[in-house]
Each structure stands twice: as structure tokens, then as C-alpha cells.
Amino acid sequence: MSAPVTTRIDDTPAVTSLRRKDLLGIAELTPEEIALILDTAVAMKEIGSRPIKKVPALRGKTVVNLFFEPSTRTRTSFEIAEKRLSADTLNIAIATSSVVKGETLADTALNLEAMQPDMIVLRHASSGACHLLSRICRSAIINAGDGMHEHPTQALLDAFTIRERKQRLAGLKVAIVGDLLHSRVLRSNIHLLTKMGADVWVCGPPTLIPAGIGRFGVRATSVVDEAVADADVVMLLRIQLERMEGAYFPSLREYFTVFGMTEARLRRARPDVMIMHPGPMNRGVEIASEVADGPYSVILDQVANGVAVRMAVLYLLAGGAEHEAAA
Amino acid sequence: MAVVMDADRIARTLTRIAHEIVERNKGVEGLALVGVRTRGVHLARRLARSLREITGDEVPTGALDITLYRDDLMRHAVGPQPLVRSTEIAFSIDNRKILLVDDVLYTGRTTRAALDALIDFGRPLAIQLVVLVDRGHRELPIKADYVGKNLPTAAEESVQVCLQETDGRDEVILQQGGAA
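Line by line, the protein sequences are chains W and P.
Residue numbers for the first sequence follow this note's numbering, beginning at 462 and rising by one.
Residue numbers for the second sequence follow this note's numbering, beginning at 108 and rising by one.
Where hints are given, some of them may not hold.
Heads up, simulated DSBU-like pairs for lysine-lysine below, C-alpha to C-alpha not over 30 angstroms straight-line [claimed, not checked]:
| # | chain 1 | residue 1 | chain 2 | residue 2 |
| --- | --- | --- | --- | --- |
| 1 | W | Lys514 | P | Lys250 |
| 2 | P | Lys250 | W | Lys634 |
| 3 | W | Lys506 | W | Lys544 |
| 4 | W | Lys514 | W | Lys544 |
| 5 | W | Lys515 | P | Lys133 |
| 6 | W | Lys506 | P | Lys204 |
| 7 | W | Lys515 | W | Lys562 |
| 8 | W | Lys514 | P | Lys204 |
| 9 | P | Lys204 | P | Lys250 |
| 10 | P | Lys133 | P | Lys250 |
To be clear, the hints were calculated from the coordinates, so they are not data collected in a lab.
The shape of chain W in the complex, shown without the other chains (with noise of 0.2 angstroms):
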């Protein structure tokens, strides 16, 4: 399957809006809505450059950021982005909110939806939380990451970071290289790459290739050198302690030693190729730190790009969706 992935500025685009209320995902998304958010993204990089980085689009609209599992990166991200395009947000971090005191999830949204948000932005550590908000709340639910569903903005701006710099997603070989079983990242970016026509190849320990995951149209190996063999892109996965029960591997030094990325492994890739990881990274474990900040990486691109992605995403769901307005 395969889309058009770069759009000429007075090309109209396949669909011109999104037809949903809700992001939750990205196995829902057509590849023409994909194409749709990276290129209105594209118009929202460039208002980060002005001098004066705000745009009036969401002016008077409540967006509340709703994170119950600690977060740096997207956070931040989703905060700058609904500032710059003059959204009021509100952020409600887990250890200062009732839920301390045992309020469930539908009762927090319950009530802050009492309050009159437009759009509420989710992180939980379990996944579907998402989907339950999206079936009882009124407002627009961003799946800001669910347990080890989906995290679908991260895809979107690791797609978006691909495509700036290699202008398509068809027709790469992407490797995803980590901790496979416990990874939102991983399912979304499986969804969305597989969605554009990308090559994807999947690595890591035996032990946390989920099962069947070929189902998905990617190819899993335990072998390293092969995943990476002149792959135009690859992306490092976090190894998540916090979320394994047991015992995966050995050891992480055995880890680095087998599945580490080094610029050795990094030879097999094309010359050309894109180091990515979501972040937060564990140096010397899943990545080593000459590859992290060698000429390759375009780590802290993502980061940058995330604000814009989100944006697009933002603005594109303020709309409500499209059977609405017919309404």
C-alpha cells in the first residue's frame, strides 16, 4: 500500500480533513489522513522560525493535558504546541490530582469535562484508556500514549522527521531495534510505516518479540546485522524496565553486547542513514552514546519536530469530525 507522500503547495490534497473526533491511534488513520497531518505540519514547522511564534487558530479553545504516567518530552511538546496556536491549557499531573485519593479514570474525566475543555490530551498507563474517555467524554481524547497500545503522535513525527529528510516513506527499510514487547512506539510506527509502503523490519531479544507479530507485515529477527543490513533507517527502542516482570535477558550489559547500536553495527546500514529513538534514552544500553550524538542521529530533530506534528494534529481535530458538520 502506498500514498502520496510528498504534496506539491497547490496540489489539493486526497482528503482535506480528518473524519474522526478523537486521535487514538494509528491503526484507524487512512494513509490519506497521515499524508494530510505531516503536510499541514509542514505549515506548522515554519511558525516556530518567526520571530513571534503564535498563530491565532485556536484562540478561546480549553485543552487540558492529562498525564498519568511521568512524561518530559511530550508534555512539553503538546504544552508549546497548543501555545503557539493560542489554545488555554492546563496540565494535570497524577501525584497533585484526586486520583491520588482513588478517583477512577472515567470519574477524573467526568469531571474535568464538567469544565468545558475542547479537547482533552491522554497519557495512562493502561492501554484502551483512551478509548474508554473517547466513549464517554465530549471532547476530542489525544492519545498521548496508553499502556503498550499506541502512542500515535510519535509516529507521526518520526514519520514527518523520515520524510523531511529522505522526501517519501514508500520503499525504505526502516529497523526497529529494542524492547519490541513492552513499545506503544513500536505499534504505531508499525501501523503507520507498513500504511506508507515502508520496509519495516523488527529486532530484538526472542523474549520480547511479541507473538504473531508478523501479522502486522513486518519482518522480526533476532539478528541484528540483518535487520540493520542497508536499512535507510534506524530506530532504537527503549529497553523499559519499569514495565517487565521478569527476567527478559540476562543481563543489560549483555544486552549492549548483542543488540546495542554501534557505529561497527552502523556500517551494514546504507551510508546515508537516519539514527531515530523516542526518547528517554538509556546511553550504552540500547544505543551507545558515539551513535547518539555522531552525524547520523536525528534525535533531537524529532524532538523539535514533535511540536509542529502536534500542531497539525491539534488543529486538525478543533475541527470536530466531518459527519458532525453535517449535522
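Here the structure of chain W is known, so what remains is to put chain P in place on it, guided by the hints.
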């Protein structure tokens, strides 16, 4: 449907406007062109070519997308969002005279949005408005400095500017009914 300007007429009009710009500003020093997407950008590029032919000097040219500044954005409870395209202004507008270029001047709301957007880029010395067609029916106190053609219209009529770059031909059409 009536053709009110053909290709020759559009070309002559743009040349005339270019001469008026040079006359009024005593040359092109300190000037910059900014076209409003989509067709204003092509008109701005054509004016830059004419200005170069007249004076031999290059006038910096940019493109402005006003979508995020529209006054009807978010006015309706729900509805699909208009498409956002890139703004490209690769020069500082501080202390320059900006020639803002659009194809049709109608209610003045697009121009209002464009003025707000421009001011976010800096503090120009002055902004002058260039339009190919002024069709009347202003809803805001806005007036063009250079007008290609004044075209009296009824509110239910629509004016369509077609340009080679986007539509494959140069033509201004007046239509009964239909969206502008």
C-alpha cells in the same frame, strides 16, 4: 458566465501596476512583495518579473497563508478545518514597504487576516495592497492601493481568477451564483 479579462488584458494590467508601484515608491528600494495563497503568490511573482524588467532590480517575494488567521475559523461548533499551507517569507519585513498581493478584493476579511499575519513577522514601514480585481461589497474599512480592474458585481455573482500556474489559462470570469 462572462470573461471580463483575457490573458492579454491581465498581462497589460500587471505591467501597468508594476509601473504604478515604481512611480509611487520612486523605485523599488526597500520594497518586498508578499502574495496571499494561492493565486496572489503567482501574481506577486509576475509583478516581481515586471519590476525587474522595468528597474533591473530584484524585489524579494514571499508567500503568505492566512488560514490560521481567518475570522471564521472555529466560529461554527463543528466543521472540517480549512487546509493550511506553508507561509514562506525568507526575508525580514522590518522597515520594508510590503506590497501585499491578492487576486480578488471582496469583503476585505482575507486582507484583514493577511495584515494580522504580516504584523506577526515584524514591523514593516508600510503595507500597500495590490489586487487584480476589486469587486466591491466591503465589510471592513479596507481599500486597495493598486487595482487591476474595478468590477461592479452583485452579491450572488462570483468572480473567478484563473492563472496559468494553477488553472492552465489566464482569465477572469464573472459567474451567476455559485461559490466565490
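Structure-based check of each hint:
no., hint, verdict
1, W:Lys514 x P:Lys250, "29 angstroms, holds"
2, P:Lys250 x W:Lys634, "55 angstroms, violated"
3, W:Lys506 x W:Lys544, "14 angstroms, holds"
4, W:Lys514 x W:Lys544, "9 angstroms, holds"
5, W:Lys515 x P:Lys133, "35 angstroms, violated"
6, W:Lys506 x P:Lys204, "26 angstroms, holds"
7, W:Lys515 x W:Lys562, "38 angstroms, violated"
8, W:Lys514 x P:Lys204, "22 angstroms, holds"
9, P:Lys204 x P:Lys250, "17 angstroms, holds"
10, P:Lys133 x P:Lys250, "21 angstroms, holds"
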